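Chain residues, written in single-letter form:
Protein chains: 2
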Amino acid sequence: MKLIRNDKKILIVGLGLLGGSYAKALKKQGFHVSAIARRRETVDYALSRGLIDEGAAEPDEKLIREADIAVFALYPHVFIEWVEKYGALFKKGAFLTDVTGVKGAVVYKIQELLPEGVEFIAAHPMAGKEVYGVENADDSIFHGANYIVVPTEKNTPEGIELCEDLGRVLGFRDVSRLSPSKHDEMIAFLSQLTHCIAVALMCASDEPSLVRYTGDSFRDLTRIARINDLMWSELFMDNREALLREMDSFKNAFSELYDTVKRGDVPRMREMMRISTERRARFDKKGD
Amino acid sequence: MKLIRNDKKILIVGLGLLGGSYAKALKKQGFHVSAIARRRETVDYALSRGLIDEGAAEPDEKLIREADIAVFALYPHVFIEWVEKYGALFKKGAFLTDVTGVKGAVVYKIQELLPEGVEFIAAHPMAGKEVYGVENADDSIFHGANYIVVPTEKNTPEGIELCEDLGRVLGFRDVSRLSPSKHDEMIAFLSQLTHCIAVALMCASDEPSLVRYTGDSFRDLTRIARINDLMWSELFMDNREALLREMDSFKNAFSELYDTVKRGDVPRMREMMRISTERRARFDKKGD
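Protein sequences appear in the order of chains W and D. For the first sequence, position 55 matches number 55 in this note's numbering, and the numbering has no gaps at all. For the second sequence, position 275 matches number 1275 in this note's numbering, and the numbering has no gaps at all.
Worth flagging that the hints you see were computed from the coordinates, not collected in a lab. Note that the coordinates shown come from a computational prediction; the quantities given were computed from them, not determined experimentally. C-beta atoms are modelled at their ideal positions from N, C-alpha and C, and glycine is treated no differently. Be aware that a few hints might be false.
As the list claims (entries may be wrong) - List time: in silico EDC-like cross-link candidates among lysine to aspartate or glutamate, alpha-carbon distance up to 16 Å:
1) D/Lys1251 with W/Asp248
2) W/Lys129 with D/Glu1207
3) D/Lys1085 with D/Asp1060
4) D/Lys1251 with W/Asp259
5) D/Lys1251 with W/Glu66
6) W/Lys251 with D/Glu1066
7) W/Lys182 with D/Asp1206
8) D/Lys1091 with D/Glu1066
9) W/Lys251 with D/Glu1256
10) W/Lys8 with W/Glu66
11) W/Lys154 with W/Glu112
Claimed, not checked - Example chain W residues on the side facing chain D (calculated, C-beta under 10 Å, incomplete):
12) Lys27
13) Asp174
14) Leu178
Put together the whole structure using the sequences plus the hints.
Okay, here's the thing in structure tokens:
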């Protein structure tokens, strides 16, 4: 099965910002797109804007049975509960994928729950916006972003290839592969830890008068301090061990820098600054 | 003395990025601008690009004596040493100001060193770039930025007003006033602490393979991790007490968040995220 053949029916379960943006991109590419959302208004909105061909506000058996490919854009625990209840309805040969931001806590459970002949290949589209809902659906968020396929031993080469094709069809700049544990480690450091830092920084001071002096560096650093607490607390808990390890490393590095300031150890302070400068410079190679 | 009268001679001491950008802005406004820099090539470059009218690669007596206004754009300790050696050469009635990023450790010493009739009014132009040198001089960096005048009891209303005028003439968006201790506290939190966080984050992990997965949030958060270690270590040491207080507050907030993850305290974790979101939203009012 090659995704390039546009006769495939793609079902999207969950029409938030990401689900809606998937729908938009896939419709543009000529796929038949259906969706299952929680609220009727969401489905109506998506139909009225031409984001989907068909939709239902409940787990519609027909839509599930007809799907060649299904994309789950749900909170982790909702995703697992959904597959527990309705996973058996998928036809043999269907391919399932997702957009979940953590993998270890999700992928093995889902693969365990699905019937023989229905393959789940986890993926993480590293794209987003600080707004929510299908009304903000915007497939341009994929264009500069990374799409990571996260296979397990249960996946077939065909399934993995299909999932990678999907990333390319959606318009991601980079499509790559990671194991669930490597993925979760990377996410703990690059995404979850940075959100922890931004949240802690905002909680550290409540001085409204500071706002007028805020410069770009503070704004940049705290942009991600506006956070969906329901979703992120779940992602943190689902990746707890990896996140705690990264938080520990950061705490240690910050404490070391604190100690250099406290004891006036300028040589070591400068050395840490040089390490930082040198490492950050590597990131610029990909454009800054 | 009103700065608006463009017959004033302005001397800039130190022609780096900021000194050069001051020169550029002031020349555009029709002032006579001279400069003293450490290297001959710097002076020649500034002359050839029309950034200054006159310049010297040593503390030229004539330029110092003729200056109505002098702006110091030097490292803190170099600034203090310079005024110790040559401060007596300024004429009575001259006004001095600076661009130094810390105030308590500098302003009182400078005011002590200067002869009767020469007034120093400290200022902090909160503008910059991650590049250095007169070759990168760019007065547009002032346009969206804050300019803070930091007077002490020794300053005259006339001197303070002149210094504020200078901020407006340079093109800063906001001109405001803070005491040296309030300034240093604000800088410790909004600027120095954020640089500490970025440096610690880059020092916390050396995983080159992560670079390819880096998203915008990590890039934003670590942009300031490229840091001039000589300058910043000096600024940190000159503001050590205030910086340690802010680092302590952040350490405590980060540790609290760490503990919520460790013990699975989702309600408190979500509460911290909501506080963070609410506080960060205030910043957006000034445009984001």
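Pair hint lysine 1091 of chain D and glutamate 1066 of chain D, alpha-carbon separation not exceeding 16 Å: holds, 7 Å
Hint consistency between lysine 129 of chain W and glutamate 1207 of chain D [alpha-carbon to alpha-carbon, up to 16 Å]: violated, 26 Å
Given hint aspartate 259 of chain W paired with lysine 1251 of chain D - CA-CA distance at most 16 Å: Roughly 12 Å between the alpha carbons, so the hint for lysine 1251 of chain D and aspartate 259 of chain W holds.
Chain D contact restraint on lysine 27 of chain W - CB to CB distance below 10 Å: violated, 26 Å
Interface hint for aspartate 174 of chain W, Cβ within 10 Å of any Cβ on chain D: holds, 7 Å
Holds or violated: lysine 182 of chain W to aspartate 1206 of chain D, with C-alpha atoms at most 16 Å apart: holds, 15 Å
Proposed proximity, glutamate 66 of chain W with lysine 8 of chain W (alpha carbon, max 16 Å): holds, 10 Å
Proposed interface contact between leucine 178 of chain W and chain D, which counts if any beta carbon pair is under 10 Å: holds, 8 Å
16 Å Cα cutoff - pair lysine 1251 of chain D, aspartate 248 of chain W: holds, 12 Å
Distance restraint between lysine 1251 of chain D and glutamate 66 of chain W, which requires alpha-carbon spacing of 16 Å or less: With Cα atoms ~53 Å apart, lysine 1251 of chain D and glutamate 66 of chain W exceed 16 Å; violated.
Straight-line alpha-carbon gap lysine 251 of chain W to glutamate 1066 of chain D, limit 16 Å: violated, 53 Å
Pair hint outcome, lysine 1085 of chain D versus aspartate 1060 of chain D [Cα-Cα no greater than 16 Å]: Status holds; Cα separation ~12 Å.
Of the numbered hints given earlier, the model fails hints 2, 5, 6 and 12; all others are met.
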